[in-house]
Amino acid sequence: MANQTRHDVVIIGSGAGGGMAAWALTRLGVNCLMLDAGPMVDLEKDRRLVAVHDLPYRGFGEPGRFPHVTQASEFDANMWADERENPYTYPKDAPYYWVRMRMVGGKTMRWGRASWRLSDYEFKAATHDGFGEDWPVSYRDLAPFYDRVEPMFRVQGRNEGLAQLPDGKLISDESPDTGSVKRFIESCRRLGVPTTRPRRATGTLASSVNLLLPEAMETGKLRLVSNAVARQISVDTKTGLPDGVYYLDRRNGREYQVKARVVVVAASCLESTRLLLNSAARQHPAGLGNSSGALGRYLFDQFYVKNVIICVVPEGRGGGGGRDLMGGAGYVARFRNLEKREKGFLRGYTYDFHSGSSPSARYFPLYGAPLLEQLEATRGAGFSMTTMGEVLPRRENHVRINRELKDKWGIPALHIEHRYGDNERAMAKDSMEMAEQMCRGAGFEVLARHDQMVPPGESIHELGTCRMGSDAKKSVLNGFNQSHDCRNLFVVDGSSFVSGGAQNPTLTILALSLRASEYLAGEMKKGNL
Amino acid sequence: MTASSPESAGSGVPAFFTGEQFAALQRLCALLVPGLSGRPGAEEAAAAEFLDFLAAKSAVSRGSLYRKGLDELNRRAKSRYGKSFAELDEPQTVPLLEPLRGDWSAAGSADQLTRFLMAVKEEALQATLNSREWSVASGRRGAAGLNYYWRVLE
Chain B
1 MANQTRHDVV
11 IIGSGAGGGM
21 AAWALTRLGV
31 NCLMLDAGPM
41 VDLEKDRRLV
51 AVHDLPYRGF
61 GEPGRFPHVT
71 QASEFDANMW
81 ADERENPYTY
91 PKDAPYYWVR
101 MRMVGGKTMR
111 WGRASWRLSD
121 YEFKAATHDG
131 FGEDWPVSYR
141 DLAPFYDRVE
151 PMFRVQGRNE
161 GLAQLPDGKL
171 ISDESPDTGS
181 VKRFIESCRR
191 LGVPTTRPRR
201 ATGTLASSVN
211 LLLPEAMETG
221 KLRLVSNAVA
231 RQISVDTKTG
241 LPDGVYYLDR
251 RNGREYQVKA
261 RVVVVAASCL
271 ESTRLLLNSA
281 ARQHPAGLGN
291 SSGALGRYLF
301 DQFYVKNVII
311 CVVPEGRGGG
321 GGRDLMGGAG
331 YVARFRNLEK
341 REKGFLRGYT
351 YDFHSGSSPS
361 ARYFPLYGAP
371 LLEQLEATRG
381 AGFSMTTMGE
391 VLPRRENHVR
401 INRELKDKWG
411 IPALHIEHRY
421 GDNERAMAKD
431 SMEMAEQMCR
441 GAGFEVLARH
451 DQMVPPGESI
461 HELGTCRMGS
471 DAKKSVLNGF
481 NQSHDCRNLF
491 VVDGSSFVSG
501 GAQNPTLTIL
511 ALSLRASEYL
521 AGEMKKGNL
Chain L
1001 MTASSPESAG
1011 SGVPAFFTGE
1021 QFAALQRLCA
1031 LLVPGLSGRP
1041 GAEEAAAAEF
1051 LDFLAAKSAV
1061 SRGSLYRKGL
1071 DELNRRAKSR
1081 YGKSFAELDE
1091 PQTVPLLEPL
1101 RGDWSAAGSA
1111 DQLTRFLMAV
1121 KEEALQATLN
1131 SREWSVASGR
1141 RGAAGLNYYW
1151 RVLE
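Residue numbers (our numbering), protein chains in the order written: chain B, 1 to 529; chain L, 1001 to 1154.
No wet-lab data here; the hints were simulated from the structure. Beta carbons: idealized from backbone N, C-alpha and C, even for Gly. Mixed in with the good hints there might be a few duds.
Claimed, not checked - Pairwise CB distance ranges, derived in the manner of DEER restraints:
#1 L/Gly-1082 <-> B/Gln-71: 45 to 53 Å
#2 B/Arg-323 <-> L/Pro-1091: 37 to 45 Å
#3 B/Gly-441 <-> L/Arg-1080: 41 to 49 Å
#4 L/Thr-1114 <-> B/Pro-56: 26 to 34 Å
#5 L/Pro-1095 <-> B/Arg-154: 56 to 64 Å
#6 B/Leu-28 <-> L/Pro-1006: 54 to 62 Å
#7 L/Val-1060 <-> B/Glu-160: 37 to 45 Å
#8 B/Arg-323 <-> L/Asp-1103: 30 to 38 Å
#9 L/Pro-1099 <-> B/Pro-314: 26 to 34 Å
Claimed, not checked - Some chain B residues close to chain L (C-beta under 10 Å, calculated; not the full set):
#10 Phe-75
#11 Asn-78
#12 Tyr-88
#13 Pro-365
#14 Glu-445
#15 Ala-448
Here chain B stands alone, though its shape is the one from the complex (with noise of 0.2 Å):
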């Protein structure tokens, strides 16, 4: 009978909030196990480099395979959860589009990287402009521990001082900027707008598969399963509390039970809040830990406008200026609504930049050899910008399970209801506009501009929907990710939001889990779990 053990925490989920989870843990001489829904890659493998025109599809994809991943190509589309597997519903008038991973790892195997601190323009929001609730962290709590992951993850960039984009450890970028991006950073200092450098990962990869899983298993307390797919967290008839976890073997759909103390729930947003929600028992009958309500209430993401606008550097033109004029990024840290309301909206929104991209077909009104000899004349003379901004935390917007329809494994799957409201439309709109101003002071001539948001959750930033708080009958998770109604169920990815600010989330889910996990540790030690 050694499948009997109980173990010390059960972890769901290997992506930054279960990996770093079990890094802290472990460290700690917590003994875990960790479930992860998707195979294990092997990174000399499972990839072969392969020449576009030798795709079935020639770089277009399957026609149909993933309806909602934009981000999906025909060289990575095996790495993307299957919607025909993995199928989840929405009003016909709000498509949300819903992009996940399915590997150990999960989506840190593929992140953009960028890695930025949330200030108390976010933790203490509702403070500063009376919307929603603040966080029951501040940035001071949470400072300590980002300055522990970015090292980590080797994030590189620069120090500006800004209050709203706090300073961290990072390996300074000092690398020179080229012309363009100094016209651009220029232009932006004399509206009063801050920039900075990217803040990214860096190294081959940046994903827990390499920078917190192999430390942790050095310590011979992680055991990680693989293709185990979480159904349901199992409750103590007696006590109404977690002890362990049903799940299925992804091949094969048979059932298996492990027990834990502590279950520690990290399968991502969306999917974390489903396993709480279909994990309702007789003494939490609307779902595990949500005798608040709050659970799968409160869904946001960070709205983009991608490529609010394309220019062409004049000078960059035909090749022109060299790599002296073209090339290098950036960013555009919030400046809206910090030190007043200044604005018909609430909160903001920041920018990536990218100078030296070749502007595409589709903004140039020509076709046949014009349009190529424009093609010819403006690749790599490029300049575009993203807009990410902060989506309000409302009560309306939320998931809930499907009766009617299940996955491939049987379990009960997600309907989703994300509409972005006036705020973010004012935002967007207003975004559009200021990027404008700051191309067009910098000398650029402007191709396009667009305010048209995609989808709600194509970000791949959905947050909330278990949220923190200090208030129990008013969220799900108290200030160490850690369950009202239920001591020893913690969540420690992006559902725990209570809002998200624009910048990109993965930063503070790595700080809030390592909080999390040493918090938990402790409480074990003392016997309190």
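Place chain L on chain B using the hints.
What follows is chain L alone, placed relative to chain B:
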């Protein structure tokens, strides 16, 4: 020992469009993406044949957009010149392709023919740039794009 892909050895057999639709698509692709400076155009890259295959494999919406667009081009060609689109001289096609001279908008045009022409413009270009012929003409295997292909993980 290496083996070649099926596409490298034979010609794609059109299977989706009618003969008249396909002839119009071939002509349209050649007009939108001509060979230039020693590089192959849509004709040499068999872009129309590939788009026929893609439409056959796609959801109804793509095939419908293409079929209606090609029928409309043929209708306008016959109404204006008394012959099909494929039979027009290049100057005769100019007024029919005028929608492509409009500015791009994120929402896309409300006009069905404009949406169709914009789609063909992008897809014929991509089918050409991603073709084996483009790579061969460039003299580099990866000229049309080279990347890691992730195998099925089981």
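* To do: Would you list, in rising numerical order, the hints stated earlier that this structure does not obey?
  => Hints 7, 12 and 14 not satisfied by this model.
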